[in-house]
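Model the full assembly from the supplied sequences, consistent with the hints where possible.
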Amino acid sequence: MTVLDLVVRRSTEVADGIRELELAAADGGALPAHPAGSHLVLECGGARNAYSLTNVGRDPLRYTIAVLRRPDGRGGSRYLHGLRPGDRVAASRPRSAFAPVTTARKHLLIAGGIGITPLLAHVRDAARWGREVELLYAHRPGAGAFVDELASRLGPRFGRTTDRVAFRAALAAALTTQPLGTHLYVCGPEPLTDRVLGDAARAGWVPQRLHRERFAAVEPPPGRPFVARLARSGRDVAVPSGTSLLDALRAAGVDVPNLCRQGLCGECRVPVLAGVPLHRDEYLTDDERAAGDAMLSCISRCDSDGLTLDL
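Numbers 1 to 311, taken from full-length UniProt numbering, label the letters of the sequence shown in order.
Calculated from the structure, these hints are not laboratory results. Accuracy of the hints is not assured; some may be wrong.
[As the list claims (entries may be wrong)] Straight-line alpha carbon distances no greater than 25 Å define the calculated SDA-like cross-link-like pairs of lysine to any residue that follow:
| # | residue 1 | residue 2 |
| --- | --- | --- |
| 1 | Lys106 | Ala203 |
| 2 | Lys106 | Thr193 |
| 3 | Lys106 | Glu134 |
| 4 | Lys106 | Gly204 |
| 5 | Lys106 | Leu154 |
| 6 | Lys106 | Arg153 |
| 7 | Lys106 | Pro189 |
| 8 | Lys106 | Ala47 |
| 9 | Lys106 | Pro179 |
| 10 | Lys106 | Tyr79 |
| 11 | Lys106 | Val89 |
| 12 | Lys106 | Thr182 |
| 13 | Lys106 | His183 |
| 14 | Lys106 | Leu284 |
| 15 | Lys106 | Arg195 |
| 16 | Lys106 | Asp199 |
| 17 | Lys106 | Thr177 |
| 18 | Lys106 | Thr161 |
| 19 | Lys106 | Ala151 |
[To be verified] Each pair of labels, with its calculated beta carbon distance range:
| # | residue 1 | residue 2 | range |
| --- | --- | --- | --- |
| 20 | Leu210 | Ala169 | 18 to 28 Å |
| 21 | Trp129 | Gly29 | 22 to 32 Å |
| 22 | Asp27 | Thr176 | 48 to 58 Å |
| 23 | Pro222 | Ala291 | 20 to 30 Å |
| 24 | Gly204 | Arg10 | 41 to 51 Å |
| 25 | Ala172 | Pro60 | 35 to 45 Å |
Predicted model, so just to flag it, every value in this text is computed and none were measured. C-beta: ideal position from N, C-alpha, C; glycine also.
In structure tokens form, the structure reads like this:
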């Protein structure tokens, strides 16, 4: 994997518990460009966490991320909140499974809480390219981030609510008043994204125009045990309940590249020759899942008697 050596240039509190970090290449050079909706996987004091990039992707000299401090998290947010200008941090190259569809007639963006971060990049990118955008932002009272900028950029096309009932009413109106060809993008906690996509489906939106990114990984159930056969060596690798395929492979001496371990980045993708994967990731497309010839080993499991991998 390619690792970027980054240095913190700025650390600013932008809302209650939310800190924005500006990162640059430690050597002062240009950074890889990225589409809106991309994320970095950062090394956070022993953990690896994915964070959405909030800046427009054609600015090669800096990356910006916004991090919500999570007292009950794995420590990554606390680590990043403790960084100060001059501190160094390692990161992956940007990756994206949440980029705007450039041929869409309009983009309807729906954010919950810190899920605003990838959609802020969408808004900034839309302004650059003249795309039509509407944003609905739900957040706790006093916890909205970047609201002044969003209001300035979007005007009446920006709606925000801190009330669940008001959000449901605004969502219903937004889902039923869009022109044909609109694509919907939602990011936020699991209950919110599930509700948005469920309501959209009931309102007649086709799956190809619905796009979701979670801002936090959902802890998957342990799953039943299975056996993965490695086609190149003929070895069988047992994958116990509660152990990921990735960890079982690495314990067996099989080197599988990996980054986020949350099913977000695609780095741990492995080819499948036989068997049915049980996909739990947020990276593969619906067509890739239906093909059944690849899976993300960090989070997906087996939905058949076993798997044969091209390893």
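Status of the hints after comparison with the structure:
1. Our distance criterion of 25 Å between C-alpha atoms is met by Lys106 and Ala203, whose separation comes to about 17 Å.
2. For the hint pairing Lys106 with Thr193, the CA-to-CA distance comes to about 20 Å; that is within 25 Å, so the pair holds.
3. Restraint check: the Cα-Cα separation between Lys106 and Glu134 comes to about 8 Å, which is no more than 25 Å; the hinted pair holds.
4. Of the pairs offered as hints, the one joining Lys106 and Gly204 holds, with about 16 Å between alpha carbons and a cut-off of 25 Å not exceeded.
5. Our distance criterion of 25 Å between C-alpha atoms is met by Lys106 and Leu154, whose separation comes to about 13 Å.
6. With a C-alpha separation of about 16 Å, the suggested pair Lys106 and Arg153 falls inside the 25 Å cut-off, and the hint holds.
7. The suggested pairing of Lys106 with Pro189 holds, with an alpha-carbon distance near 24 Å, which does not exceed 25 Å.
8. Proposed proximity of Lys106 and Ala47 is contradicted: the alpha carbons are some 38 Å apart, above 25 Å.
9. Our distance criterion of 25 Å between C-alpha atoms is met by Lys106 and Pro179, whose separation comes to about 8 Å.
10. Our distance criterion of 25 Å between C-alpha atoms is broken by Lys106 and Tyr79, whose separation comes to about 38 Å.
11. Pair hint Lys106 plus Val89 does not hold up; C-alpha atoms about 37 Å apart against a cutoff of 25 Å.
12. A hinted pair counts as satisfied when its Cα atoms are at most 25 Å apart, and Lys106 with Thr182 qualifies at roughly 4 Å.
13. This hinted pair checks out: Lys106 and His183 have alpha carbons roughly 6 Å apart, not beyond 25 Å.
14. This hinted pair checks out: Lys106 and Leu284 have alpha carbons roughly 24 Å apart, not beyond 25 Å.
15. Under the criterion of a C-alpha separation no larger than 25 Å, the hint pairing Lys106 with Arg195 is consistent with the structure, at around 21 Å.
16. At most 25 Å may separate the alpha-carbon atoms for a hinted pair to count; Lys106 and Asp199 meet this at roughly 19 Å.
17. Our distance criterion of 25 Å between C-alpha atoms is met by Lys106 and Thr177, whose separation comes to about 12 Å.
18. Restraint check: the Cα-Cα separation between Lys106 and Thr161 comes to about 22 Å, which is no more than 25 Å; the hinted pair holds.
19. Using a Cα cut-off of 25 Å, the hinted pair Lys106 and Ala151 holds, with the two alpha carbons roughly 18 Å apart.
20. Between Leu210 and Ala169 the C-beta distance comes to about 20 Å, which sits within the given range of 18 to 28 Å.
21. In this structure, Trp129 and Gly29 meet the distance hint of 22 to 32 Å, their C-beta atoms being roughly 26 Å apart.
22. In this structure the supplied range 48 to 58 Å holds for Asp27 paired with Thr176, their Cβ-Cβ distance being about 51 Å.
23. Restraint check, Pro222 to Ala291: a C-beta distance of roughly 26 Å satisfies the suggested window 20 to 30 Å.
24. Taken as a hint, the range 41 to 51 Å holds for the pair Gly204 and Arg10, whose Cβ atoms sit roughly 45 Å apart.
25. Range check, Ala172 to Pro60: Cβ separation about 41 Å, and the 35 to 45 Å hint holds.
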